[in-house]
Amino acid sequence: MTLKLGVPSKGRLMEKTFDWFAARGITLERTGSEREYAGRVEGIEGIGLMLLSAGEVPRELAAGNIHLGVTGTDLVQEKLALWDQQVEPLAELGFGHADLILAVPQAWIDVDTLDDLDAAAAAFREKHGFRMRIATKYHRLVRDHLRTHGVADYALVDSQGATEGTVANETAEAVADITSSGQTLRANHLKQLSDEPILQSQATLWRSRVAEMDSGDEQALNALLARL
Amino acid sequence: MPTRSQTLAKANALRGMFETQGAVLVEPPILQPAGTLLDLYGEDIRARAYVTSDALRGEQMLRPDFTVPVVQMHMADGAEPARYTYAGEVFRRQEHDPDRANEYVQVGYEVFDRTDPAGADAEVFALIASALDGLPVTPVTGDIGVLMAAVDGLQTTQRRKAALMRHIWRPRRFRQMLHRFAGQTPIPATRAALLAGDVITDAPLIGLRSAAEIGARVQALHDDAAAPPITGDEVDLIEALLGLRETLPFALTRLHDLAMDLPAISSAVARIDARAQALAARGVAIDQLMFDASYGRSQMEYYDGFVFGFRAEGRPDLPSIAGGGRYDALTRRLGQGAEIPAVGGVMRPGLMLELEAAR
Chain E
1 MTLKLGVPSK GRLMEKTFDW FAARGITLER TGSEREYAGR VEGIEGIGLM
51 LLSAGEVPRE LAAGNIHLGV TGTDLVQEKL ALWDQQVEPL AELGFGHADL
101 ILAVPQAWID VDTLDDLDAA AAAFREKHGF RMRIATKYHR LVRDHLRTHG
151 VADYALVDSQ GATEGTVANE TAEAVADITS SGQTLRANHL KQLSDEPILQ
201 SQATLWRSRV AEMDSGDEQA LNALLARL
Chain F
1001 MPTRSQTLAK ANALRGMFET QGAVLVEPPI LQPAGTLLDL YGEDIRARAY
1051 VTSDALRGEQ MLRPDFTVPV VQMHMADGAE PARYTYAGEV FRRQEHDPDR
1101 ANEYVQVGYE VFDRTDPAGA DAEVFALIAS ALDGLPVTPV TGDIGVLMAA
1151 VDGLQTTQRR KAALMRHIWR PRRFRQMLHR FAGQTPIPAT RAALLAGDVI
1201 TDAPLIGLRS AAEIGARVQA LHDDAAAPPI TGDEVDLIEA LLGLRETLPF
1251 ALTRLHDLAM DLPAISSAVA RIDARAQALA ARGVAIDQLM FDASYGRSQM
1301 EYYDGFVFGF RAEGRPDLPS IAGGGRYDAL TRRLGQGAEI PAVGGVMRPG
1351 LMLELEAAR
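Heads up: the sequence lines are chains E and F, in that order.
Under my numbering, the residue at position 166 of the first sequence is numbered 166, and the numbers go up by one with no gaps.
Under my numbering, the residue at position 157 of the second sequence is numbered 1157, and the numbers go up by one with no gaps.
Among the hints, a few may not be true.
[Stated by the list, open to error] Derived coverage of chain E by chain F (criterion: at least 3 residues anywhere in the stretch with Cβ under 8 Å from a Cβ of chain F; other residues may be distant):
#	region
1	150-161
2	167-181
[To be verified] Estimated spans, in silico, between C-beta atoms of each pair:
#	chain 1	residue 1	chain 2	residue 2	range
3	F	Arg1057	E	Leu82	41 to 51 Å
4	E	Gln200	F	Ala1227	56 to 66 Å
5	E	Glu88	F	Asp1116	27 to 37 Å
6	E	Glu170	F	Asp1039	47 to 57 Å
7	F	Arg1004	E	Arg209	26 to 36 Å
8	F	Glu1339	E	Gln183	47 to 57 Å
Think of the hints as simulated: they come from the structure by calculation, not from any bench.
A virtual CB, placed ideally from N, CA and C, is assigned to each residue, including glycine.
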């Protein structure tokens, strides 16, 4: 058996993850061609590398198909119910910082807080006959957050990409999305509400609480933990 | 744990009891159009109900309760007065507590009768209480109507009352708003800047919400800032009402006292009085019956009068074994102009069997 480590398969997230492990004397390498999602681990015994989409890492951890995985807090909390019973954070990797935030048009000078959003939503529903639409792909996190803060008269509409464009396209009135610098928001004439973000996320190394381990896997895990 | 067939047998027996009271058996479909439920409950219902869809009928929900379809059916073609009973599965998503069932059997009884609301309240409560007789359960009652009447009677603007009324089912938010309208919480800096006219923008207006709508809300904020705060005395009265938790006779004494300072609640209090007498006439021991003015506020937001529930003694892990209430406003919303006073309640035969087995 090998201890299976799932890592994002492309882009900066993959490179930075490779760098983070390299700084700890562990070399992660993609094998074969650029298009092949297989990998190799050197510098530590008994660990195997699997390259996955960052969005699949939570599910694979929860299913016990991988023992360890690197992905954002946002994806773990959105995709896994009772996430802390299924996975355990081992280390925050210090990159991939992103906040899940609510944003509205900059021209809405009367809306700055969730409180304002709630009042505007009530008036909007009365005027337009339907609930204020918030575009997002983080349905669970956003709904829980709005319920906790007593916001009513909104509806979530699904947006899996280019979410910031939905307001100008009039398919939503507000958005809830991940932002790191806020540049995309500004470019789309949106502003973040001044309340705390719904979630502050960063790339994190997780351990599955359900993946089966033999004694060799435990040795490999302990050897890894000693390097963190 | 009782088997499914034991639970269904129990459900049939309970339903039979309601049928002997003259209730008509109804069997709403398991798949309900999602639109009605979304319109009533908003996005929150998606966290509680299973949603599915097909290309022809669009979004459907596995029925999270029977009351809404029964009301729709009655409002469409029911003769009155009417009594209905039903038994069957309801489905609730459980994303936070794996020990709560996501599918369970409910038996219910709904009364549509405009002649004697207090009598109908007592009828539903007493029938369910008698079905639970001998089980280790404790009833608690409440009344959302008295709180609504108190809000309606506040010496403040219609807009503030409407805002409070809208959040009556969200206790935390309700309290925040009450304290803000009473000037007891500081105004956020950004709000102060907006009111001072210091917030300007040259950003292009995008989306459906128009400049007129933004302007109207800014004006509403100015009006609100100019309106006198809700007085501390009134806040104290509302707090006293929300904190009221006594046996029914003592609660009524307190409510009559509160009504001296808050005359707007007088008729709601009179209705509680009439209900207490109707309950006593049906043999309910009202001297021990708890009245909790905040009861039912964080549940489904259609109850607007009498509310009640039965909790298992020593089993705080279990949900209510039975519960219900009055939902006059729901018949108005689903009745397209028509309305009828209505009250109902449900029981969970599976949990009843569990309690019986534990004895």
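Verification of the hints:
{"no.": "1", "hint": "150-161", "in the structure": "holds (count 6)"}
{"no.": "2", "hint": "167-181", "in the structure": "holds (count 5)"}
{"no.": "3", "hint": "Arg1057/F <-> Leu82/E: 41 to 51 Å", "in the structure": "violated (32 Å)"}
{"no.": "4", "hint": "Gln200/E <-> Ala1227/F: 56 to 66 Å", "in the structure": "violated (38 Å)"}
{"no.": "5", "hint": "Glu88/E <-> Asp1116/F: 27 to 37 Å", "in the structure": "violated (60 Å)"}
{"no.": "6", "hint": "Glu170/E <-> Asp1039/F: 47 to 57 Å", "in the structure": "violated (21 Å)"}
{"no.": "7", "hint": "Arg1004/F <-> Arg209/E: 26 to 36 Å", "in the structure": "holds (32 Å)"}
{"no.": "8", "hint": "Glu1339/F <-> Gln183/E: 47 to 57 Å", "in the structure": "holds (53 Å)"}
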